[in-house]
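Given only the sequences and the hints, what does the whole structure look like? Please build it.
In case you want the letters, here they are:
Number of protein chains: 2
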Amino acid sequence: MDKRGWYTEEWAGAGAAISLKVTEKVHDEQSPYQRIEIYETETFGTLMTLDGLVMVTDRDNFIYHEMMSHPALFTHHKPRRVLIIGGGDCGTLREVLRHDAILEVDQVEIDERVTRVSEQFFPELCSANADPRARLHFADGIQWTKESSPGHYDVIIVDSTDPVGPAAGLFSASFYADCYRALNAGGILVGQSESPLFHADLIKGMHGGLRGANFLDIATLFFPQCTYPSGWWSATMAAKDRALSNFREEDVENRRFPTRYYNHGIHHGALAVPEFLFKTLM
Amino acid sequence: MDKRGWYTEEWAGAGAAISLKVTEKVHDEQSPYQRIEIYETETFGTLMTLDGLVMVTDRDNFIYHEMMSHPALFTHHKPRRVLIIGGGDCGTLREVLRHDAILEVDQVEIDERVTRVSEQFFPELCSANADPRARLHFADGIQWTKESSPGHYDVIIVDSTDPVGPAAGLFSASFYADCYRALNAGGILVGQSESPLFHADLIKGMHGGLRGANFLDIATLFFPQCTYPSGWWSATMAAKDRALSNFREEDVENRRFPTRYYNHGIHHGALAVPEFLFKTLM
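These protein sequences, in sequence, are chains E and U. Using the working numbering, the first residue of the first sequence is number 1, and each one after it goes up by one. Using the working numbering, the first residue of the second sequence is number 1, and each one after it goes up by one.
Simulated from the structure, these hints should not be mistaken for lab results. Model, not experiment: these values are computed from the prediction. It cannot be assumed that every hint is accurate.
Claimed, not checked - As a list, the in silico SDA-like pairs of lysine to any residue whose alpha-carbon atoms are at most 20 Å apart: (1) U:LYS3 <-> E:TRP6; (2) U:LYS3 <-> U:THR49; (3) U:LYS279 <-> E:ASP28; (4) E:LYS21 <-> E:GLU40; (5) U:LYS21 <-> E:TRP11; (6) E:LYS204 <-> E:SER245; (7) E:LYS21 <-> E:THR8; (8) E:LYS279 <-> U:HIS264; (9) E:LYS3 <-> E:ASP28; (10) U:LYS78 <-> U:HIS152; (11) U:LYS78 <-> U:ASP2; (12) E:LYS3 <-> U:GLY5; (13) E:LYS279 <-> U:GLY265; (14) E:LYS21 <-> U:TRP6; (15) E:LYS78 <-> E:ARG248; (16) E:LYS21 <-> U:ARG133; (17) U:LYS3 <-> U:ILE38; (18) E:LYS21 <-> U:GLY13; (19) E:LYS3 <-> U:ASP2; (20) U:LYS204 <-> U:LEU277; (21) E:LYS279 <-> U:ARG133; (22) U:LYS21 <-> U:ASP51; (23) E:LYS3 <-> U:GLU10; (24) U:LYS279 <-> E:PHE62; (25) U:LYS204 <-> U:GLY186; (26) U:LYS21 <-> E:PHE62; (27) E:LYS3 <-> U:ARG4; (28) E:LYS279 <-> U:ARG260; (29) U:LYS3 <-> E:ASP2.
Claimed, not checked - Chain U stretches covered by chain E per the calculated footprint, using a threshold of three residues with CB under 8 Å from any CB of chain E: (30) 14 to 22; (31) 31 to 43; (32) 230 to 237; (33) 265 to 277.
Glycine residues also receive a C-beta, built at the ideal position from the N, C-alpha and C atoms.
So, in structure tokens, the structure goes:
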């Protein structure tokens, strides 16, 4: 936060930055893994940063959390067991638990402090934490996946930070292979895959890594995300043994829970590949 | 530009700002209408600002210019005469002239200096300015539209600055009525309509104004635009006498010119309405 009351994140390597007007810094701690800071902003509600990078704001997190969960869950024919790697703010967990078929969700976040701080400052994102189907583990997601029983999960969601430091392993070939093994028949993996404008090479590498791990179909979802680098973000899905172009459209239309961004048309539209990425990804 | 070499635009009323790392300021003038500044940036190429607001950068203008032109032109059954209001950087004009059927384009930009400066600093955007079908007029677009022969144009594109100052009239009921009259049967109007996240009320007002001017169908296109407020932008189309959900899909697939963002899937996807805007716009 500068003297004029602005929080600024310089987008790494992008020669660009976003700033949010802050009214107050309300929390600052160094956890064993990272620095966790909470600000109240003038127009984006509460803001959480990890090591100085924007993770979540009240105002725009709905797009990210809905797109990390509903497309994959409505593509799976009947998702019962879900693994979330990361996801410490619990916004993705909340969206996952809106699906009636879900029996259990293992959330494996390495830093318990992120979740405890989120419970304090983002209570609405954590409103499903007490759901009996939710199991919050504070452990290494890479290790957890490696040790999972083969075929245990229907959907794996990698809701991670950027692919540097502890999260780098979540973009590796061996992790993808472990995910493939941990998924049941019909299983789907989805992971956040950075900015289409700034990180096309990462998205391309992810497609290659997932193909190398024997996933049958791979597709990237594109969506706006104001406070993430470039304001444009993506999540990449991989299906063990089916095509990702079909999803349970009727169930989307008839869903009995609220969404603010996601719907049937948005799901279709998010799968459209911008021309400049077409040759890269297809 | 601050002492550390950053250009910053504070997004009006949004409590947020974007910054680009600048290597050099290469032009600065006060035209009769506005202050025109040109910067070289570290990673976004050349940047033009008008009265301190980002208008165009080399790196990301392709999305905006393609979405302001191709969806409307591929929705019209055979666009021959096009009117562009504003559009002084000439990037939209270039995209329009890629369509073979076009016979003439009147571009009516109020500030000749914007175009002259663009010719100097954005030569690739101005590469179609010498096309014999292009007619560059430097005049008031509101007046021009009012005085146009009824039914003269097939497509009208409002490529304007924000709805303050001289551009405010481009969002008015009387301007929409003049556009309706200036359009031929089958005619389509498209105008930039700001950020879905920050300016939903403006988009709603535009739909109401266009309905009030007797347009039969109205539809908003959503697309990322990194350097515009919120990184998420929109353009709103209005059709005189037809539905906007259909477009010449085969012609899009068989187009003989390059695009970098737009394609058949992107056109469909851009028409998907985010859930939080659904009740507002439908």
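Status of the hints after comparison with the structure:
no. : hint                  : result
1   : U:LYS3 <-> E:TRP6     : 17 Å, holds
2   : U:LYS3 <-> U:THR49    : 18 Å, holds
3   : U:LYS279 <-> E:ASP28  : 39 Å, violated
4   : E:LYS21 <-> E:GLU40   : 9 Å, holds
5   : U:LYS21 <-> E:TRP11   : 11 Å, holds
6   : E:LYS204 <-> E:SER245 : 19 Å, holds
7   : E:LYS21 <-> E:THR8    : 9 Å, holds
8   : E:LYS279 <-> U:HIS264 : 15 Å, holds
9   : E:LYS3 <-> E:ASP28    : 17 Å, holds
10  : U:LYS78 <-> U:HIS152  : 14 Å, holds
11  : U:LYS78 <-> U:ASP2    : 49 Å, violated
12  : E:LYS3 <-> U:GLY5     : 18 Å, holds
13  : E:LYS279 <-> U:GLY265 : 14 Å, holds
14  : E:LYS21 <-> U:TRP6    : 17 Å, holds
15  : E:LYS78 <-> E:ARG248  : 10 Å, holds
16  : E:LYS21 <-> U:ARG133  : 47 Å, violated
17  : U:LYS3 <-> U:ILE38    : 17 Å, holds
18  : E:LYS21 <-> U:GLY13   : 11 Å, holds
19  : E:LYS3 <-> U:ASP2     : 15 Å, holds
20  : U:LYS204 <-> U:LEU277 : 9 Å, holds
21  : E:LYS279 <-> U:ARG133 : 33 Å, violated
22  : U:LYS21 <-> U:ASP51   : 18 Å, holds
23  : E:LYS3 <-> U:GLU10    : 16 Å, holds
24  : U:LYS279 <-> E:PHE62  : 17 Å, holds
25  : U:LYS204 <-> U:GLY186 : 24 Å, violated
26  : U:LYS21 <-> E:PHE62   : 30 Å, violated
27  : E:LYS3 <-> U:ARG4     : 16 Å, holds
28  : E:LYS279 <-> U:ARG260 : 11 Å, holds
29  : U:LYS3 <-> E:ASP2     : 15 Å, holds
30  : 14 to 22              : holds (count 8)
31  : 31 to 43              : holds (count 3)
32  : 230 to 237            : holds (count 3)
33  : 265 to 277            : holds (count 11)
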